[in-house]
Every structure is written in structure tokens, then in C-alpha cells.
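Number of protein chains: 2
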Amino acid sequence: MGIESYLHEHIPLSAAMGVRVRVATPDRVELWLPMAPNVNHQKTVFGGSAAAAATLAAWTLLQLRLERAKADDAQLVVQRSATEYKKAITGDFEAVCTFDDDAAWASFEQALARRGRARLTMEARLIQEAHEAVTFAGDFVALRNRCVR
Amino acid sequence: MGIESYLHEHIPLSAAMGVRVRVATPDRVELWLPMAPNVNHQKTVFGGSAAAAATLAAWTLLQLRLERAKADDAQLVVQRSATEYKKAITGDFEAVCTFDDDAAWASFEQALARRGRARLTMEARLIQEAHEAVTFAGDFVALRNRCVR
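Chains D and S are the protein sequences, given in the same order.
Going by the working numbering, the first residue of the first sequence is number 1, and it counts up by one from there.
Going by the working numbering, the first residue of the second sequence is number 1, and it counts up by one from there.
Hints are not guaranteed to be accurate.
Taking lysine to any residue and the SDA-like style, the derived pairs with C-alpha atoms no more than 20 Å apart in a straight line are [unchecked claim]:
1. K86/D <-> R144/S
2. K43/D <-> Q79/S
3. K43/S <-> H8/D
4. K43/S <-> K86/D
5. K43/S <-> V77/D
6. K43/S <-> R80/D
7. K86/S <-> R119/D
8. K86/D <-> L76/S
9. K86/D <-> G116/S
10. K43/D <-> A74/S
11. K87/D <-> R117/S
12. K86/S <-> K87/D
Quick list of simulated restraints, FRET-style, between CB atoms [as the list claims (entries may be wrong)]:
13. R28/D <-> K70/S: 15 to 25 Å
14. G116/S <-> H41/D: 38 to 48 Å
15. R117/S <-> A103/D: 22 to 32 Å
Hints listed in this document are in silico derivations from the structure and should not be mistaken for laboratory results.
Here a beta-carbon is modelled for each residue, glycine too, at the ideal position from N, C-alpha and C.
Chain D extracted, bound-state conformation (with noise of 0.2 Å):
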């Protein structure tokens, strides 16, 4: 299954947003998003559309590493995150999360397959026309048990 259908069906506000997945490698993601379904009563993005969008970004990027890594028996969740939104957005919008630094993933790697559980933070971004308009931060964490979080 695509990674887009796979978004849409077990995250299904993926599919309310409309959203694309237009790069989904383990080191980047890009996301696409129309404005229509995530706009608000001022005609720009609803910040609860662009956290949401973000946090799929981030998401996505971290699991296809544990994917690589063969770790996705992990539970990946979200502990706190900080969104910070810089300019209105006014039209069709991107989110995309990069991550190249490999020496937190080797400790992230380590800390899962010693102690069950691995913390990371990941940064994520939504672009419209070429504008940074929003920054996000997401402290993510992966369990191994099937703990309640």
C-alpha cells in the first residue's frame, strides 16, 4: 500500500485535509495540501489544520525510519509539541519535515533496542510558495511494549 492511501485510511482527518504525499523518504517528507478543506472563516489556514498538517509530516518521516530500521513494532507517539505560525496562509500549502542527523538517530536506535523506548525531536515546516509560514517542533516517542503511551 502507498503511503498516501495507507495516511488516508488509518488516519482518516489525512483524507478530510487532503492531503498528498509528494516525497516520503526516511530523510524527507513533503506533504501536499489543497486550501479548501483546511481554511477558515478569514480565508486563510485554520491553525489547527497547519498543527495537524505538521505533526503528519513529522509523524511520517519518523515512522519510515523505523521502518528502515525495522523497528516499526514500535508504538510512535507524540508527547508535546510547540507550533509557531509566522505568516497567514492563503492558498494550497506544503508541510515538510527533513531529518539528517545521524548521530541522534543512531542514539534514538540504541535507546529503543536497550530500554524499549526512544525519544526524538522533529521539526517540521509549512511552506506556501516558496514563504516559510509555519515552524513546528514535535517531541516524538517509540515504545517497544504495548504500553498505554
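Starting from the known structure of chain D, fit chain S onto it as the hints suggest.
What follows is chain S alone, placed relative to chain D:
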């Protein structure tokens, strides 16, 4: 138009999320959300839905306060937010925002009247079966002029 219809029409994501408005006063907003449209691949509520629900509750309360103050010609935007996910949500849930800080509100109204711009931090939380699962704090800015933000 009722507040629920207003939200569903002008912020279509609220309709996709199945938001029902239970209480909507300038002192307390309670939204109810079903699990199904907000679920993730782990059968818990998607972090992005949680952030969006909290944002919506806080925004609605502040909008109702602006209306009561006859200041709802102002644009209301979220500037930054922080969300803390304390417990996975495993069923239908509520997003609750309350506000009773009269001094802070008076300063906000005064700033908006004098300078055309005012900022206020709003807190919201998500509750499942009387347990607090998510806490949210958002800085909102009201702007009287039709600036970009």
C-alpha cells in the same frame, strides 16, 4: 446562525472532525468530538486532531468574548501554541476552554481599543471520561486593521 453551524461552514475541518458544540459562552466552551474521524493507525486519537480541537475551543471562546465586547470586527489569529500529550485518547472526547481572568481581559480590550492590537494566552484541555489527556496553551492576537496578520 448557531455557533456549531458557523464553525462547520467557515472552518470545514470542524465538520470533518465531527465537532459538536456543547457549551459556548464567553467564560466556557465545551466541544465534543467523536473518535472515528479523529482516529490514528493505533486506534487512539491522532495528535493533529487533538491540537486542532484544542485550538478550536480556545479560538471560539475568544471570538465569543470579542463579540460580547462588540470588537468582533477584529481579526483573531493564533500566533503560537504548545500542546502536551499526557495520555492517549481512546474514545470520544471533549475540548474545554475556560477563561475568568477579568484583569487580563480588561488589559486586552484596552490594548485593542488603543493600539488596534492585543494578545492573550488561552488554555484548553482535552478530556476523556473525566481524565485530562491533553493540555494546550495558545497565544492569540486580535488585530483591528486588515493587516496580513
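Open item on the list: Of all the hints numbered above, which does this structure not satisfy? Sort the numbers upward.
Closed with: Of the numbered hints, 4, 12, 13, 14 and 15 do not hold.
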